[in-house]
Structure formats: C-alpha cells, structure tokens
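Protein chains in written order, with the working numbering: chain A, 1 to 131; chain B, 132 to 282; chain C, 283 to 947; chain D, 948 to 1270.
Everything labelled a hint here was simulated from the structure, so no lab data went into it. Check before you lean on any hint, since a few could be wrong.
Stated by the list, open to error - Taking lysine to any residue pairs in the SDA-like style, the calculated list, with each CA pair at most 25 Å apart, reads:
| # | chain 1 | residue 1 | chain 2 | residue 2 |
| --- | --- | --- | --- | --- |
| 1 | C | K682 | A | L60 |
| 2 | D | K1106 | D | K1015 |
| 3 | B | K254 | D | V1259 |
| 4 | C | K901 | D | V1259 |
| 5 | C | K538 | C | K596 |
| 6 | C | K743 | C | D549 |
| 7 | B | K239 | D | P1175 |
| 8 | C | K312 | C | M283 |
| 9 | C | K901 | D | E1043 |
| 10 | C | K512 | C | H488 |
| 11 | C | K901 | D | E972 |
| 12 | C | K661 | C | Y687 |
| 13 | C | K685 | A | T63 |
| 14 | D | K1106 | D | K1139 |
| 15 | C | K901 | D | L1235 |
| 16 | C | K869 | D | T1244 |
| 17 | C | K811 | B | R168 |
| 18 | C | K632 | C | A765 |
| 19 | D | K950 | D | E972 |
| 20 | B | K254 | C | M283 |
| 21 | C | K869 | D | R1042 |
| 22 | D | K1041 | D | S961 |
| 23 | C | K661 | C | E603 |
Said to hold, decoys possible - Which residues of chain C face chain B? A partial, calculated answer using Cβ under 10 Å:
| # | residue |
| --- | --- |
| 24 | Q382 |
| 25 | S629 |
| 26 | K743 |
| 27 | P814 |
| 28 | D943 |
Please read these numbers as outputs of a predicted model, since none were measured by experiment. Every residue gets a Cβ at the ideal spot worked out from N, C-alpha and C, and that includes glycine.
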Amino acid sequence: MSKQKANALREEILRISNVDPLKCMRCGKCSATCPAYDEMNYHPHEFVYMVERGAVEELLDDTSIYRCLSCFACIDRCPRQVEPAKLIEAVRNTCLRKQGANHFKADMLPGKLDPELPQQAVVSAFRKYAK
Amino acid sequence: MQVNNSTGSKDVFRPKIVAFCCNWCSYAGADLAGTNRLNYPADVKIIRVPCSCRVNPLFVLQAFQRGADGVIICGCHPGDCHYTSGNYYARRRMTLLFSMLDFMGIEKGRTRVEWVSAAEGAKFADTMNDFVSTVTALGENRRLEDLRCRK
Amino acid sequence: MHRIGVFVCHCGTNIASTVDVKAVAEAAAKEPGVVFSADYQYMCSEAGQNLIKDTIKEKNLTGVVVCSCSPRMHENTFRKAVSAAGLNPYLLEVANIREQCSWIHKDIKDGTEKAIVLTRAAIAKVVLNAPLVAGTSPVTKRALVIGGGIAGIQTALDIADAGFEVDIVEKRPTIGGKMAQLDKTFPTLDCAACILTPKMVEAAQHEKIRILSYSEVCGVKGFVGSFKVKIKRKARFVKEDVCTGCGLCTEKCPMKRVPNEFNLGMDERRAIYIPFAQAVPKVAVIDPDHCNMLKNGKCGVCAKVCSVGAIDYKAQDSFVEEDYGAIVVATGFEPINIDAYDEFAYSQSKDVVTSLEYERLMNAAGPTGGKLLRPSDGKHPHTIVFVQCVGSRESDGSPKCGKSYCSKICCMYTAKHAMLTREKYPDTEVYVFYIDVRTPGKGFDEFYRRAAEQYGVHYVKGMVGKVVPENGVLKVRAFDLIAGEQLQINADMVVLATAIEPDKTARPLATLLTASMDTNDFFTEAHPKLRPVESPTAGIFLSGACQGPKDIPETVAQAGAAAAKVVGLLAKDSIVCNPCVAHSDEKLCNGCSRCERVCPYGAITYVDKEFKMPDRSIKIRRVSQVNEAVCQGCGACTVVCPSGAMDLKGFSTEQLRAEVDAICK
Amino acid sequence: MQKVMLERAKALLSDGTVRAVLAWEKGDFAYDTTPAVFNSAERLEKGFVYSPFCGANLSKYLIKETQKEGKILVFLKPCDTYSFNQLVSEHRIKRENVYVVGVECKGMLDIEKIREKGVTSLISASWEGEQVRLVTADGEILADSSELMQERCLCCKSKKHVAYDELLGEEGEVLDSNRFDEVARLEAMSAKERFEFWRGELSRCIRCNACRNVCPACSCEKCIFDNPDSGVQNKAAADPFEENLFHVIRAFHVAGRCTDCGECSRVCPEHIPLHLLNRKFIKDINELYGEFQAGETELPREPLTEYKADDVEPGVVYERGAE
C-alpha cells in the first residue's frame, strides 16, 4: 500500500471518528479496562497508536474491529478523552463502506440461519453488509 | 452588509473595536490569552485603565464619535475588584449609559460590559470573538454614522 | 517641543515572527514628535536598555515608547532604564505588541497593522505624560500568615526570627496541616512528626509569633504596608488560656462515635477532642455538631470532669481586627474528591484507599496503631496494588473534574509507600501501576530505583482499568504496556495516588485579598519565574502548595523565600507609593462631595479654601483634596466629578482620550 | 397670594431677617417674568410678581447669593424645593444664608398654548379653582387650566415642599404622577424609530446652552463644555454627533442628581423635550436600583455614588425594550 493511500485512509478515519490520537498519553487504561481484550489481536491502545502511525491497513484486515463490544468503557475511563471506541467504530465503518467489498453473500446464509432469527435481521444484514 | 471601511479590504467589513481593560484582571486576562496563543481578531484594540471605574462615559461616546463600531469595557468580576468597589460603580454607570444609548436608538450590540479575571484568558478571547462577530453582523455604524465626526 | 523615542522589540521571534518590526518602527518615525525610532532584538536585555539610555542622552528625549511585551511584564524594567538616563520614569509608555498582538494574530499583515495602531496610541499618550514623583506610605511592621501547615509555620518562624511579629491564622483547631498526617517523608524516610512537631512547638513558644488557631480571615481592607484584617475566632467552647490539654474530657465524653478527621474518618473521636497528641495549641475543642450539651443542653460531662474549669458552653464566635504590613497565603492543598472514579471501587470497598489514608494506616498513631491491616476485616494484606495519576494529568474539561496538571508528589510518595510496605512486610506483593515515573529531585530517582531494585516492588507501566470487589478480594484488571498484556491481579488492597488541589478556602480568600488565581484555583505569582513567591497584588505573598503542587523540601524553601520577601518589606519604614493617584483641580472643584463618597480608601477630604478672585476680592470655597499616600489610583472619583476637576495622574482624561483618538483614527 | 407674599417679604426685609429677596419680577408682558434680587421694599412694591407665569426655578441663583454676607429670602414652589435640597446636599448652597418661603403652586401656564387658543394681547392671568382667568385687551376669558398648563405641570410629581422655613398657602402632597408615560412610549418603539425621533428633535439644537444655564444641577464652577482643557469645549453644533454628545453627557452628568424640575425643556427655544433624557435616567434608576427622588432630603445620597453587590448586570439593557 502506498504511503499516500495509507495517509488518506488515516485522514478518513480521523475525520469519521473526530478523534485526535495525539491526545493519548499512553497509559493503557483503555486496554486495561477492555472486556473484549482476550478476543482481540489489536487492543484499544494499539488502535490509537496504529492510527497515529498510519498503520490502518492492518486494522482494516483484522477481526478485532468486530470483537469490540462498543461498551465504551475505554471512552468513559480514558483520562485524556481520546475515545478509542470511536476510532474502532471508524475503522469498522471504513471497512464496511469499502466499495465493492461484499461481506455477506447469499450462499453464506444457510449456515448462519437460526429458527429464532427474525427475518427482518436477515434483510437488514443484507442491506448493510452486501454491496 | 458589504460595507467599505478604511481598515478592511474591499469586501470584508472589519469593525473598529475599542476595549477598555482594567489593569488588574482583564488586561492580565488579555495577556493570558496572548500567552496561551488564543486567537481573536486584530480589530480589537485594548486601552489599559487602572480600573473599569476609570472609564468615563465620555470616552465611550468619543470612541463612537471618532469612528469606533463597538466599545467593550472589561473589568474584574463583581466582588473581585482590585480597588474593592470600582467595578460596582462602573456597572451602574455603564448600565445607565448603555440604556441611554439604546433609548436614543443606537444598536445595543455595539456596547458591552464583560467581567474577565486574570485567569480567564480563554474567556477574554471568546468574549472578543463573540463581540467582534456581533458588531460585524451589525455592520458599519450606520445609525451612528451620522453621529460621527468625519472630517 | 516633544522629542519622543520609539523602541520596537523583536523579543527574539516572539514578536518579529508575526509583526513586521521594521515597518512598525518606520511608521512610528512618521508620527509627530517622534525623533528616534528603531527596532532591536531584545529591548529588555542590558544592550537593549543601554540603547534606550544612550538614545535619551544623545537625542535629548522627552518621552520614550517601548513596543514590547505586556507592561505588566517589563514596564518597571524600562522605567528604571529611563530613570537611569535622567528622564522621569513616568515619561515612558509601553505598547503591548506581544501578548496583545503578535501572540494572538497569525497573519503578519494584521499583526503589523495592529502593532502600528498600538504604537500610535502609546505615542499619543506619552506626549501627554507628566513627570510623576512617587510619595511614600508607612509600613506596619507585622505580618499575617494564613494557614498553619509546614509552609505557614516555616514562613512565620523565618519572619519572627528576623525580629518581626507574626500572627498565624489557622482554620483548624491545631497547626500542623497535612504534614502532621504523614507517616514518613521521602527520600530520607524520617518520621514526619519527628521533624514537624519541634517546629510547631518552636512556633508556639516564639515570642514574636501568635497562633490564632480555629480562626478564619473574613475581611481584608487596606493595601501593602497597612492592611486591616478582620479575623473570625470560631467558638471553641474551651477556654484556650485555661485548658491544660490533660485530655480527661476527651476520655469521658459520652459521644464516642464521631468520625475522626485526623485519621480521615477511619476511626472515631469524641465530641470534645484534641486533634492529635502533639497538637499546638494543645487545647481541647468541642465539635458543636456532635456535642449533646450544645445541641440540646443535655450532658455537661466535660465541664464536670475539667479540673480547671476550662469548658465554656456559652462561648460565641468573636471577631478581632488587626493591622499588618504584609500577608502570606499558605492555605495548602487537599486531595480531590474521587467519587467520580467509580472504576476503582473507592466507594464500594473499604480496602480501596487514598494515599493519604494509607499514610494514616501506616502511622503508629493511626487507626491501626501502625500495623498494616485491611480496613474491611483487619487482616494483613498480602497483595497491594498502587495506582498512580488518579485524577491527575487529565485532559482539560475532563467530565470527572480531574486535574490537567501533574500533582507532582505522587510518584515519590507511592515509591515510599511501596518501599515501606515491602520493608515491614516482605511477604506482601506490591504492584505500582504508573504512566510515567517522575523523579526530578535530589536523591529522588535513586529512591525510586531502590524501591524497584532492592525492595522488589513490581513497577508496571500501564493503568488499572477496573477494580471489582468480589468475596473479599479486589479483582484488579490492568494493562502492562511493555509486555502488551492485560493483567488480572487479585489484590487485598488498592491504594489510589489521588490528585491534589488547592484548599477550598483559597478561592474566597483570594477574593478578599484581591489576589489573582489560575483556573485551577492556585494563586498566581507576580512573575512565573522571577517573582514566584509574590502575588501580583502588592503585599500578598505565597507560600507552599497554594501556589502549585509541592513536596515538603520545596514548600519549606518557598516558605523561606516568602519570608525573606516579607522581611524585605517590613524592614522598610515606608514604601514608595504609586504616583498614579488622583488629583483635584481646585479651580474647577464644585465642592459637591461626590468623589469623597465613592472613594474606597477615604483618601478624599474637603477643606474651605480662600481664593483670590479676578477683582481681587476673596472668595471662600469648599474644595476637595486627595491624600496621595492613601489614594490607590482607581479613578472612581474622576468619573463622578461633573466638572472634570478630578483627574488621575498617569491615566488622565486627556491621555485616555488621546489613546481613543489614536486607535479610532 | 401675590399680596401675602409681598407683605411677608417686606416684613422680613424691614425687620432685618433678610438682606434681600430672591423672587420673580414683572416683565414687559404678563408672561415674561424674570428672576430678580430685590433689596428694598420700594423695588418689591414696584416689580414683584407671583403669577401663573412664574415658572422659573429660583434655587440655582442661591449658589451665588448665599456666598454673600447675610440671609436672603427666596420663594420656592414645591418642585423648586427639590432642587434646593439637592444643592444643599452638594454643599452648593449655604443653608444658613437662606430663608426659604415655600409658596403653593397650582401649575404654570404655557404661553404657546394660550397663543394657540387664539388669545392675543394678554394682560394678566390668575388661577380660579381648576380654571384660569385670562385678562386680555379684548376682555376676559375663563379657560380650563389643564388645556393651558405647561407639560411638566400636567404631570406634576409633587405639590409638597420638601424644604422651607415658612410656608405660605396650602401644603400639598407627593403626587402619583404619570410623568414616565412618554418615556415608556419611546421605549416601546423600535430602535430605529427612537433613533429617528431623537434625530428629529436633537437636530434642531442650536447649542445656545440655555438648558445648561438654567439647570439647577448644572451648577459647576466651570462646565466641561466651557473648559478648553476638557476637549469637549463649547462648539457650534458642527455635526449631529455634537448635539447628541452634548445632551447625553449633560444628562449623564445630572443623572441621579436631576430632580426633574423640567426647566431644561421650558427654556429650550427649539422646544426639544430634553426632560425626556433626564426622565429616562430617573426611570431606569427607579426600575433598576429602587425608587429614588433626587432632592427629597438634604441627605447626600444618590444612586451613582452607591452600589449593591447584587446590582443588575449591564446586560439587562439588552433584555429590555424593543429590537
């Protein structure tokens, strides 16, 4: 990935999230407090640091973004009001909004079907994740 | 509101603002705004007075006479006056004066009193930004225009 | 004919980067009356001052304008320079083109234009400046120290040792302050009480020092050299001069369940109590909120047991008014309220304590007698987690009202706590979670390294995110930034290094003193570097943590410095007054007394005076006169005077009008 | 009434209580009475008058007269006594040098209004209950006094004398006047309308200084408008601002001291309602700082040399009124 493209991605994420990673003083309280810590490859504090460095590509390709519960514990406890969860959400959105990326195909459906699942959820999942 | 003004470029109206600041609180607050690099328009020019109670209504009227578009008086917060009572007197005087100017039909937005302490650099900058935008919105001192000595 | 010199300062790049100083100097040169105009790198430097001095002599200047930083910064510097060249120091004006111009404007065109206008205004004013000669006013050779902690005690001792009388006003029943509550002091680990109490006793016994404990300042009038201070002496209900401090009453009082503030509520005292064993004055005090006798007239045990008859249930608050020449503020600090930091479970578990509470738990005179026991069950803790930066270093506008500053003392006292814990109880595992360890101080880093290397304290870079009390265990979830792993520690105790803030009484006191404060309620210095122990308000001095977070050695050093400044003031018989005072033109005065009524200092009086009329007859008229030693130069009188007879030197109507004209031109 | 006053004046003059009498003197016409100092019974006999045209407030003349040796008698109408008190409180009048005779007043007449009625060749006028008897060369007319009275008298604030050594005629009471109605009407206008109104009025100002010269509160040893050092010394009405500056400053100088005697508007040759400026200050003071009547007592008290810690903020101005 070209440096230029990485930079553009980074700017995009900062714009969507309205987060300033430079406010981070690297205390790690976000990762200390994260209930989904064990499920993630990249942890909240790493998101902040990696976005700051422009290493967005790795984050986009990683499942960590879907492991975040959006519980906002990191937002609540961050002493510098960096708001890592907003950054994760922005990365997630960037991923979802990627042109042509089809995250949900019809043939993936049977395996995921659950008799309890409301039909509406299936429809909206298609709407959201299938391009 | 495209008014030509001697201080500004062709299209942008730049008001002339005179700010009287008391030496102990507001002037120090203005200094703090500077120390913290808090931006406010260069249209604001500060005159240092020992206390807000030194501001004679005559000075306010004269500023308008000589072409100011807005006049703001800043002093210590009531109760915090370096001279204990100065801003209380100033408060009464300026209330009555501004009310009189309003009575004579001069726009209310052109005059203001604000209490800014030495610690309130941010408030000083905010106040000035707000005042300048209020006065800019009022435009050139049309109503006071014919009250001016334009010689 | 005016001969004005204009000197435009670059202030390095501070001004020159956003103001075209050459253009300002050129524009100034064109102003009428200006005979010299130049720019220079640093006007406040010796070379810069010499430039002013030399030019005054060479060009025979009648007035000087320096375009530089705020007059609050260097007006005096330049006045001295002007004076040294033989010109009256008040023939100088400073145009503030740094704080109010170059530092706030990014556009060089804007900055330069404004700087020129400000310079023009200063020139317009300076041509109207009159040479002023300062008067003098007497100095009351006594000092008041507000606050009886280590800062106040040290300042009082130093002033008293220099031979001046000092009063210490302390709001609590005893002096000693926060230091009296500490166990050991870093980095030498001497016992706080062992080094503080001798000083308390020394202060109490010093013939020049009077301690007004359980008292508050409630009114301040006057000015440097002659303050009049009203002090409220709260009713103690025990006669201070009669009580022997035997303590019998404090043992017999039936009201046993009053939280003991000295031990931060971790144990109890009686309704009549002596705060701690070494209290000064060692006199009992009745807590009116808990005393049955005072609340409903039923009890009176203490009066019965007191062998000297010191109890006085009818005591009332009393007020004294005293004269002082100087006032020292030493109001100190307190830990912030950490209720908003619920993630640390402070309000949920007794075993989560603040560092100050931990001090008491370690202290031999504390609630546990110096044995380290968990407050919840009295058992010995085996795992202790220390959390640093609780409420410190938060972003501005933090929703939890944390402080944006570093509280400075926490790293060192946490190292001390960790070390002492490991020393006394080597079977205890101690973890310190830190963001940074800050140890700039003599012997400080060595101390911290000793804790880590010799005492086996586990220093973990990272923060604690959550503490969950569960079945008597504190489940601490934290993060190790260096290992990159989330940690789970089952701790027996958690100690929070709570941020410190100025004492709550500081803000109202600052209002009384008309002394300025910053947004965190710390008192502001007259100059952050060069006058760190003085308030910008003349005659008010700062000692200790009221000015900013400080450890004990720094506090003592600053206390001594404040004392030196006070002694310097009190050693004078009189001080030079501000010559910018009001002045009445008798020819114009109506004698209406309006000025007299608004003067806050009573500086204006009226006399009947004879005037020779043009026809040689004599007319007696009532005219005002200003006492220049008393006048402080606020100018309130100038505006109420209908005839314009009253004017203010240095800020005359003519000068201010000239400034208005120059700005609006 | 005139007769009683004349007798009393002559008596006090002859027994040496007073050295002179400050009163009104007849003019060429019935309506042009002038203030005068009478130092003999003969002069009094010849010139003294007290008629519905004696509107002039004599208190200001006492500043000069009480500087002289001995007592002077002065006749003061109720509204004049307020100015008198104010001047005493400002140490401008030496109280010990004055003998104040309070005289009743039923309201003063406005010659313009009489002329508007088509009355010519007026010889004299006198009160008759609620009516006025006008004697002209062409005969007598009985008219409703409310139609002919000066504006200031129609909204008279007080018929009570607040200072006197003796009283002639009936003592009245402080009245519940509607004198602020006109100010309120202006306040309710838009700023633009107010501006137009004042432009229309003040542009007529010729800077004759009559308002200042007659005003009892404008008693400075040297007025700033006469003082070349003040920077605002008297100039011709060179531009519109000059007029406003003068009138605002003048009104501000007397704010809190103006007793609302209305002399400024009475003497204005251009009929500018200057009293409205003063009344605006009085109304604001009453509303913002509590009811206050300058000159009500001799005590030195006035709103602009006092304050309360909880006074309203100047922002109150922006919250009130139209626009």
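| message | Hinted pair, alpha-carbon criterion (25 Å max): C:K512, C:H488. Please report holds or violated. | response | Satisfied, since the Cα-Cα distance of roughly 23 Å is no more than 25 Å.
| request: Quickly compare the C-alpha distance for C:K661 and C:Y687 to 25 Å and report which way the hint goes. | output: Outside the cut-off at roughly 36 Å; violated.
| Between C:K901 and D:E972, is the straight-line Cα distance small enough, at 25 Å or below? | Violated: C:K901 and D:E972 sit about 28 Å apart, past 25 Å.
| Is the interface hint for C:D943 satisfied, with its Cβ closer than 10 Å to some Cβ of chain B? | Check passed: Cβ of C:D943 comes within 6 Å of chain B, closer than 10 Å.
| Within a Cα-Cα threshold of 25 Å, do C:K869 and D:T1244 meet the stated pairing? | Roughly 28 Å separates the two Cα atoms, so the pair is violated.
| said: Next pair to validate is C:K682 with A:L60; report whether the Cα-Cα distance is within 25 Å. | reply: 33 Å, violated
| task | Verify the proposed pairing of D:K1106 with D:K1139, using a straight-line Cα cut of 25 Å. | result | 37 Å, violated
| said: Need the status of pair C:K538, C:K596: alpha-carbon distance at most 25 Å? | reply: Holds, because 22 Å separates the two Cα atoms, which is no more than 25 Å.
| task | Answer holds if the nearest beta-carbon of chain B is closer than 10 Å to that of C:P814; otherwise answer violated. | result | Hint on C:P814: violated, closest Cβ of chain B at ~16 Å, above 10 Å.
| message | Just to be careful: measuring from the Cβ of C:Q382 to every Cβ in chain B, is the smallest value less than 10 Å? | response | At 6 Å from the nearest chain B Cβ, C:Q382 passes the 10 Å test, so the hint holds.
| Going straight from one Cα to the other, do C:K632 and C:A765 come out at no more than 25 Å? | This hinted pair is violated, its Cα atoms lying about 31 Å apart.
| Does the structure keep C:K312 and C:M283 at a Cα separation of 25 Å or less? | 16 Å, holds
Hint check: violations occur at hints 1, 2, 4, 6, 7, 11, 12, 13, 14, 15, 16, 18, 20, 23, 25, 26 and 27; the rest are consistent with the structure.
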